[in-house]
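Chemist: Same order as they appear, the protein sequences are chains D and W. Residue 78 in my numbering sits at position 78 of the first sequence; the count goes up by one each step and never skips. Residue 84 in my numbering sits at position 84 of the second sequence; the count goes up by one each step and never skips.
If you're looking for bench data, these hints aren't it; they were derived computationally from the structure. Accuracy of the hints is not assured; some may be wrong.
Treat identical chains as interchangeable: a pair holds within one or across any two.
[To be verified] Below, a list of computed lysine to aspartate or glutamate pairs in the EDC-like style, where the Cα atoms sit at most 16 Å apart:
1) Lys38 - Asp119
2) Lys166 - Glu133
3) Lys166 - Glu137
4) Lys134 - Asp82
5) Lys46 - Glu12
It should be emphasised that the depicted structure is a prediction, and the values quoted were computed from it without experimental measurement.
There are 2 protein chains.
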Amino acid sequence: MSFSEFPSRLLENAVNEFASLPGIGRKTAFRLVMNLLKRNPEDVRKFGETILKLREEIHYCSICNNISDSGICSICSDEKRDRSLVCVVENIQDVMAIENTGVFRGRYHVLGGIISPVDGVGPADLKIDSLEEKVKEGGINELILALSTTMEGDTTNFYLFKRLSKYNVLLTTLARGVAIGDELEYTDEITLGRAISNRNPYHQ
Amino acid sequence: MSFSEFPSRLLENAVNEFASLPGIGRKTAFRLVMNLLKRNPEDVRKFGETILKLREEIHYCSICNNISDSGICSICSDEKRDRSLVCVVENIQDVMAIENTGVFRGRYHVLGGIISPVDGVGPADLKIDSLEEKVKEGGINELILALSTTMEGDTTNFYLFKRLSKYNVLLTTLARGVAIGDELEYTDEITLGRAISNRNPYHQ
Chain D
1 MSFSEFPSRL
11 LENAVNEFAS
21 LPGIGRKTAF
31 RLVMNLLKRN
41 PEDVRKFGET
51 ILKLREEIHY
61 CSICNNISDS
71 GICSICSDEK
81 RDRSLVCVVE
91 NIQDVMAIEN
101 TGVFRGRYHV
111 LGGIISPVDG
121 VGPADLKIDS
131 LEEKVKEGGI
141 NELILALSTT
151 MEGDTTNFYL
161 FKRLSKYNVL
171 LTTLARGVAI
181 GDELEYTDEI
191 TLGRAISNRN
201 PYHQ
Chain W
1 MSFSEFPSRL
11 LENAVNEFAS
21 LPGIGRKTAF
31 RLVMNLLKRN
41 PEDVRKFGET
51 ILKLREEIHY
61 CSICNNISDS
71 GICSICSDEK
81 RDRSLVCVVE
91 NIQDVMAIEN
101 TGVFRGRYHV
111 LGGIISPVDG
121 VGPADLKIDS
131 LEEKVKEGGI
141 NELILALSTT
151 MEGDTTNFYL
161 FKRLSKYNVL
171 LTTLARGVAI
181 GDELEYTDEI
191 TLGRAISNRN
201 PYHQ
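The shape of chain D in the complex, shown without the other chains:
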């Protein structure tokens, strides 16, 4: 079934909006719209309003750039979180992923992206100035550079290192190694090589 002709302009507009989302093709968009049409109007009103509200009322934390319902996010306003330990991440998903481990008790700094010349993202597009500002102010002992292990992540790490190593702060990165549950024979050779070089004393 192709969609050369829609019986309704409203329907067509709604399908176009959904199809503009990443990974949603026109057939899927159509299916989603038909699902909304079958619901009661109150439900659909709530759907539309939630989206409007999201974009218009969402805040970004003025300290760490994490998403927040108010000026300062729940992590930065939590006095029990260690101020001296800051984890630098690419985006909000990474904050959530690390929070879900339940292991980290410090705070975050969200860069809002990663240096990627291919996509036209340079250091000036990221929250690097404000990170340097924070480091300069003092009070931060350690900065964990928790970026992806990709070319872009490595570039960003290197840039941050060059820019921040002059301050009195310990720069660390996440441990690299064989993922827990992975079989050695299916681990790529770079990861495996790194895991051998960075071997740890055995402890139970």
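Please arrange chain W on chain D, whose structure you already have, making use of the hints.
Modeler: Relative to the frame of chain D, chain W by itself:
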């Protein structure tokens, strides 16, 4: 990454709304919401408003139940379409699929579903009374029962046949056979058997 904790209630609500759509899991929902957050507010406002508008302003044609922007759909208001030939379909997608063939010059009647005891859909839930009304009024020579070739489609066909065969109207169904482009060895035996029984004289 699981999503036990959201940094923002607005974000969580939006993810929940998207995740309520069929075939959209929470990770996909999150990805869609993050995409909306990166767009400019005007775009997102349009997205939300298009959805609100869809549900509140959409009409169903008072003649055929097809979707429409006004009281009567573009097909029913097209005087060039044959009034005496009516194609009975399950839903709007089917109307669009048949319209896209460019072959059919009659009109439609959308049942709004199919008889399915498993899903609790009986004849009274479908637009069957109004179909009988139309047939009774006269002017329709042929009714094409264009329903799916499933158990539910067959049940609905049978029900419609029992209810409408007493009127002076020709009831037909779509031709069944091997789909164009299909290889015989991969065609299921029921379809292939039907295609042999209903063989046609060869013509070039």
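Chemist: Any hints this thing doesn't respect? Which numbers, in order?
Modeler: Of the numbered hints given earlier, the structure breaks none, since each of them holds.
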